[in-house]
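A.B. asks: The lines below spell out each chain.
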Amino acid sequence: MSAPDIKSAACGSSVAAPIRERGQHEVFCGLTSIIWLHRKMQDAFFLIVGSRTCAHLMQSAAGVMIFAEPRFGTAIIEERDLAGMADMNDELDQVVERLLSRRPDIKMLVLVGSCPSEVIKLDLDRAAQRLNKVHAPDRRVLSYSGSGIETTFTQGEDNFLTALVRDMPEKSETAPASLLVVGSMADIAEDQFTRIFSSLGLENVAFLPARRSTELASIGPDTKYILTQPYLGATVTELERKGATRIEAPMPLGEEGTTLWLRAIADTFDVQQDKFDAITGPGRERAKKALTHYREQLEGRRVFLFPDSQLEPAIARFLHREMGAEIVEIGTPFLHRKITQPEFDLLPDSVAVSEGQDVDKQIERCRAENPDLIVCGMGLGNPFEAEGRSTKWSIELVFSPIHGYDQAGDLAELFARPLGRRAVLEVAV
Amino acid sequence: MQLTIWTYEGPPHVGAMRVASSMTDLHYVLHAPQGDTYADLLFTMIERRKTRPPVTYTTFQARDLGADTAEIFKTACREAVERFKPQAVLVGASCTAELIQDDPGGLAKTLDLGIPVIPLELPSYQKKENWGAAETFYQLVRGFAGGRTAEPKAEGARKSCNILGPTSLGFRCRDDIVEVQKLLVELGVDVNVVAPLGASPADLTRLPNADFNILLYPEIADTAARWLEREFKQPCVRTVPIGIGATHKFIREVAALAGVDPEPVIGSEDDRFSWYSRSIDSNYLTGKRVFIYGDATHAVAAARVAEKELGFKVCGLGTYSREFARDVRAAAKEYGVEPLITDDHLEIEDAIIAAQPELVLGTQMERHVAKRLRIPCAVISAPIHVQDFPARYSPQMGFEGANVIFDSWVHPLTMGLEEHLLTMFRDDFEFNDDAKASHLATIGGGGSKSGKAVQNNGAPEKVIEEPANDMVDGSPSWATDAEKELKKIPFFVRGKARRNTEAFAAQNGLALITVETLYDAKAHFAR
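Residue numbers (the numbering used here), protein chains in the order written: chain A, 1226 to 1654; chain B, 6 to 532.
Calculated from the structure, these hints are not laboratory results.
Treat the hints with care, as some may be off.
Among the chain A residues that face chain B by a calculated CB cut under 8 Å, a handful are [as the list claims (entries may be wrong)]:
(1) Glu1251
(2) Pro1295
(3) Thr1299
(4) Leu1317
(5) Leu1325
(6) Ser1326
(7) Arg1328
(8) Pro1329
(9) Ile1345
(10) Leu1347
(11) Gly1468
(12) Ile1472
(13) Phe1494
(14) Asp1585
Straight line, CA to CA, 30 Å or less: simulated DSSO-like cross-link-like pairs of lysine-lysine [unchecked claim]:
(15) Lys254(B) / Lys164(B)
(16) Lys164(B) / Lys1346(A)
(17) Lys254(B) / Lys1346(A)
(18) Lys164(B) / Lys1586(A)
Don't be surprised by glycine CBs; every beta carbon is placed ideally from N, CA and C.
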């Protein structure tokens, strides 16, 4: 049992000519990533500086989470702030003061920029510096932009991680080589990988984001990092600026993706092939077994992916290679070539790719192709279902644990479920 | 700047979207940054709408700000009109586009679209969703009905009316209009136009043909109804038919304007509410303390039904509708409570805790607060949730609406007969406060008086004790016998008994609560 070799598996797709579209983008803005970031980082509070629209977006997208006292909120800019009747910086300081005095459990406050705060050029970096003078080191204040004019959905996490990397301490020169695993993953998947790393003999492993703000890893030229999420282009730039080196691999989704991902790490840290095979063998077997349950439902099915999280190329690769699905179109809000190349290496040349969106035109293309399954956002799902088509909400791909061997079956099930449900139901629309 | 975790109302452009989505053959072109399209899911997910809402967003990005966002708007507007072929187009800006001041109205006029363009000015940093909906509906009504005259009617023709206010994402609007139209059919009154829900711009041009208007949702249609009143001398029925009394009043008002006899409709056999409320099992409803919060229309109606038709006692009344605060203040005065005019959900939670209600009637947020506090609750108002679009017919208005209200407010409460049984069996060996539900009995040691006695897998079960004998910030402490006596009080009123007794002891400067204090307090608080 050995890992598949990327080169022999390659079909050499180089995404020569993606369709580039500039029209209505039916995607969330970067603020939405706060929904999983605040669950991931358990002592952080995300304070959006924005409008009523931002607050309304968060409660609409976060659903029931909002009914608990969540660790995110919005400082709503009002008419008097814009008219200069109130000094916005003073107002913000007061909001922060009230918030922190009510929530002593918060160790990191993150100021998140929005469309209105960007347009009026409210400088949140400076606000963070000012607030740090008061609250650091007990409570750190950080800022990044999650605005829709600058970020699409998962790019909010990209900007947050970039801000965290800027804050990472420099590693001492004598420290041994270390591995940094970059990108939010469900805790359960992270724990599984931690066990595998430890069995492989990797000792210095850290995750970004860490579960607590106080556990930020140090970084230096001996830091090797690997991505678990493909949407981290700005984070990559910042990590490399700090001297860290990237380990290239497809995303750890599915049995094959996870193996290639782990293999790339193992190669970097000189783990012997037989040891690698022995450690990963049971996980690979479990994953393959789990995937066979769903392969029949997905094999030969034609799948159309609308742009959402930038996970689309990796998901398409998984569905094509491991589930035998045919990929009709891979839509992605942004195509980061360097990061997605390992995925395209495993996809056929013929696959259609679109970057950006003109939603009405894309809907027309999708109807014309009449795929068996449409992976799309919540605004489009029910209208497609009402036309008699099957859909999968793409938002579940960022909310559910999907990484690694033991979630490979769950990932396949996400796509098989709507098809299976359709087969079971004796009611029609 | 205001710190907000939860908002009862979205921004005003969402109100405009609700009006646009309610209507047919109308399209809304919204100048807005990428991400504002989230609002589509309110319609496709919460309301399970089968089509995308008729809204085109420009979704501009940072790189466009340096270039030409006005051109992006013009392109989006032109393409939307070509693609969707609406009778008319609404144009406007969301909060961010308002800041860049591209003037969508002016830009759309330069396009020669060949259809009416209704520009919307919705100040996002001052106003909210319901105001946005009301302003949009007013602009549409004015734009399409303005300058028209009523078609002449034959002498003795049946009277007709417009029904104003029902919208997409409104609380039970879908079913209310069916119920109200049923009443109108029985009265022999024709419905000219229902708007905005289901109307086209062309339908709005026919509004002047009606003899009078029925205003069902003032938050949405009051501005438009007042304009129609001034412009076309159309009188307006302002009684919102929620509850039996209001339904009767509504029928009489409509009948008076239409010149028909209301009595056959008032004596409707559809009214089960009245008999259910009079029947002896409902005796236990008397004086139940109810906390009410919602939009002004539903909150005021709920207070009236609660107090006058179910015999509850209103112990709190509030609204987030600042525009209609006056109505809520007047109602609060009538029921002898302080009006709560706020949209800060934490303030409302504190008010609920302080009021110690036995039932909460509120929005989804109050439902969650009540759940945390273990108080029965029913939802009476938007902002809404997928659960507020039940598959079954479930109006709030008219006779069937009253029946629905009886069920949905009374069922969460402990029923009359049950209440007696609970008291009778409170010390029973298998039916007591510590016992688990019978269907869970096999998991723990259900049916025992105390969890302590049960050895489950060798480990003593955890017994959750109520905090006792703790002197927190000078509050009175409980003597052991008083604590024991307290436990004899049924669990569903025990928390209240404890709070009342502690408040009584504190008021009277007692440091130790004895059995006597407990009963003194009971006498003090007796209704």
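A.B. asks: Run every hint past the structure and note whether it holds.
C.D. replies: The hints, checked one at a time:
1. Glu1251: Check passed: Cβ of glutamate 1251(A) comes within 5 Å of chain B, closer than 8 Å.
2. Pro1295: This hint holds: proline 1295(A) lies near chain B, its Cβ roughly 6 Å from the closest one there, short of 8 Å.
3. Thr1299: 5 Å, holds
4. Leu1317: 6 Å, holds
5. Leu1325: Cβ of leucine 1325(A) sits 11 Å from chain B, so the hint is violated.
6. Ser1326: 12 Å, violated
7. Arg1328: 11 Å, violated
8. Pro1329: 16 Å, violated
9. Ile1345: 6 Å, holds
10. Leu1347: 10 Å, violated
11. Gly1468: 29 Å, violated
12. Ile1472: 31 Å, violated
13. Phe1494: This interface hint is violated because 40 Å lies over the 8 Å limit.
14. Asp1585: 6 Å, holds
15. Lys254(B) / Lys164(B): Status holds; Cα separation ~19 Å.
16. Lys164(B) / Lys1346(A): 58 Å, violated
17. Lys254(B) / Lys1346(A): The given pair, whose Cα atoms are some 55 Å apart, is violated under the 30 Å limit.
18. Lys164(B) / Lys1586(A): 48 Å, violated
Of the numbered hints given earlier, the model fails hints 5, 6, 7, 8, 10, 11, 12, 13, 16, 17, 18; all others are met.
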